[in-house]
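Construct the complete structure from the given sequences, taking the supplied hints into account.
Protein chains in written order, with our numbering: chain A, 1064 to 1304; chain B, 6 to 211.
One should not assume that every hint holds.
Calculated cross-link-like contacts (lysine to any residue; reagent style SDA-like; alpha-carbon spacing at most 25 Å) [said to hold, decoys possible]:
hint, chain 1, residue 1, chain 2, residue 2
1, A, 1076, A, 1173
2, A, 1091, B, 155
3, A, 1091, A, 1292
4, A, 1076, B, 59
5, A, 1076, B, 81
6, A, 1091, B, 120
7, A, 1091, A, 1103
8, A, 1091, B, 95
9, A, 1091, B, 121
For each label pair, taking beta carbons as the anchor points, the in silico distance ranges come out as [said to hold, decoys possible]:
hint, chain 1, residue 1, chain 2, residue 2, range
10, A, 1197, B, 45, 52 to 60 Å
11, A, 1128, B, 113, 54 to 62 Å
12, B, 74, A, 1154, 25 to 33 Å
Note that these hints are calculated values from the structure, not bench results.
Note that this is a predicted model, so its numbers are computed, not measured.
Just so it is clear, CB atoms sit at the ideal spot from N, CA and C, and this is done for glycine as well.
Here is how the chains run, residue by residue.
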Amino acid sequence: MLQETTEVAPRLKEPGEGLALALTATLKRDLVLMLRRRGEVLNPLVFFALVITLFPVGISPDPDLLALIAPGLLWVAALLAALLSLDSLFRSDFDDGSLEQLLLAPQPLAALTLAKVAVHWLLTGLPLALMAPILGIMLALPAGSYLVLAVSLALGSATLSLIGAIGAALTVGLARGGVLLSLLVLPLYIPVLIFGAGAVQAAIAGDSVSAHLAILGALLAAALMLAPWAIAASLRISING
Amino acid sequence: MSLRLQAQQLACERDDRWLFQGLDVDIHSGEVVRIEGPNGSGKTTLLKILSGQLSDYHGELYWNDQPMREVREHFLTNLLYLGHAPGVKTGLTALENLSWYQALDGQRGSESERLDALAIVGLAGFEDVPAGQLSAGQQRRIALARLTLTPRALWVLDEPFTAIDRHGVAALEAQLVAHANSGGCVIVTTHHELASSPALRRIELG
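Pasting the structure below:
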C-alpha cells in the first residue's frame, strides 16, 4: 500500500554533471539485460556458425576453392549476423517506455545511445570477431590470415553497429521495421565489407594489410563522430511519430 | 523557488483534425493541474508537448518566462515524466530499475534510499524480484517510486492511477497534493475523480 510521505520541498535544480555515471549505468543495465536473455545474444553467433558450416557441405570440400572464397564468405556471414540482431537494439526500450525516459534524461542523448551501441558491439561484433578464426579453419583459410580476420572484423563490426543503430533508431516506431532496416543500412555497410574482406585477402596474398586496416579504422572514427548524433536525431523522429 | 510553465496559442493537428487550437496554459508552483477530456481528445499529446517530447505543434512554450528551446536542459533537469508505459524493464529487479533512473539523474544513490522508496510504494519484499514477475500494478508502483527517489519540481503524469488499487490511489492522490503544497507542480491526466483541493485546477479538452 502506498503510504503518505512527508514531502521535502522540491527545489529547482541546475543541470549538473553525472554524465559518466549515467553512461556506466546504462552500459551496465544493458549488459545485465542482455546476459539475462542469452538466447538473443547467442542467436547471431549460431546463425554465423550455421552459415559457415553449411557452405563446405553445399559447395565442395575442396580446400583450394574454399580458401578462395573464405574471406568474403566469413565477412558476409558476420555482417548478416550483426544485421540480424540490430532490430531489437531499441525495440524493447521503445515498447516499455524506457526510451521516452532516456530521451528526457538531462544528459546528452547522443552519448547515452553510444552506451547502447557499445553493448551491442560487445555482445555481437566482438564475439563474432573472436569466433571467425575458428570457423576459418573449417573453410581452410590459409594460415597467417587469422589474426587479420579477427582484427578486421572487430574494427569493422564496431562501424556496423554504429551505422546499424541509425537504421534501428529510424525504424523503431514501425511495427515491422526489419526489412526496411536492412534496406536502409545495407548500402552503408558495403564500404566496410569491401575493406574488411580486402584486408583478409591481402593477408592471404602476403601483401601489407595496414592500408586496409587503416581505412577500416578511419571508417570507425568517422562513424564514432557522426553516428551518435544521427542516432539521437532518428530516435527523436521515431518518438515524434 | 517558484516555477512557471507557460504555453501560448498551443495547437496540434493529428490526421487532418485539430486536437486543440489556441490553447493557453499557465501553470505555477503549488498547483495540481488535471487535464480532462474524452478519449482521443489529445490529453496524452498535450502532456507530451508540455514535457518537451513532441515538436510538431504550433505555439510557444515558456519555462520560467524563457523560451523552452533555450532552457531545455534546465527544464529536463526539473521534470519527472511518467508515461502510459511505466518505463520499467521486465528483465531487471525493482532495485536495478531504480538505480538506473538515479544514475540517469546524475546521482549515485544508495541502496537504503532505494529500499525506502520501494517500501513507501508498498513493494517491500519485492525488491529483488524481476519486474516481469510482478503484476501490472506493482510494475507501475516501481515507476511511482521515482517520485520520492528522484525529487523533481515538475511532475507530468499520464494516467498514473492505472492498475493501482483503491488504497494506493488515495495515497498517490495525497502525495500529489503534498507535492503541490510544498511548492512543486503536478500535471496529470486521469479518468479517476480527484478529491477537490484548493491546489486542484482543471484544463478541459475536446
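- prompt: When you check the alpha-carbon spacing of residue 1091 of chain A and residue 1292 of chain A, does it fall within 25 Å?
  reply: Within the cut-off at roughly 22 Å; holds.
- prompt: Is residue 1091 of chain A within 25 Å of residue 155 of chain B, Cα to Cα?
  reply: holds, 20 Å
message: For residue 1091 of chain A and residue 95 of chain B, compute the direct alpha-carbon distance and say whether it is at most 25 Å.
response: holds, 16 Å
query: Could one say that the CB atoms of residue 74 of chain B and residue 1154 of chain A fall in the range 25 to 33 Å?
result: holds, 30 Å
message: What's the verdict on residue 1091 of chain A and residue 1103 of chain A, does the C-alpha distance respect the 25 Å limit or exceed it?
response: This hinted pair holds, its Cα atoms lying about 17 Å apart.
task: With a cut-off of 25 Å on the C-alpha distance, tell me whether residue 1076 of chain A and residue 1173 of chain A pass.
output: Holds: residue 1076 of chain A and residue 1173 of chain A sit about 22 Å apart, inside 25 Å.
query: residue 1076 of chain A and residue 59 of chain B: Cα distance at most 25 Å?
result: holds, 23 Å
- prompt: Do the Cβ positions of residue 1197 of chain A and residue 45 of chain B conform to the proposed distance bound of 52 to 60 Å?
  reply: holds, 56 Å
field: Pairwise hint evaluation, residue 120 of chain B against residue 1091 of chain A, where the allowed Cα distance is 25 Å at most
entry: Within the cut-off at roughly 20 Å; holds.
message: Tell me if the straight-line CA distance from residue 1091 of chain A to residue 121 of chain B falls inside 25 Å.
response: holds, 23 Å
- prompt: residue 1128 of chain A and residue 113 of chain B, beta-carbon distance inside 54 to 62 Å?
  reply: Hint holds: Cβ distance 58 Å, inside 54 to 62 Å.
Residue 1076 of chain A paired with residue 81 of chain B [C-alpha distance capped at 25 Å]: holds, 10 Å
The structure agrees with every numbered hint stated previously.
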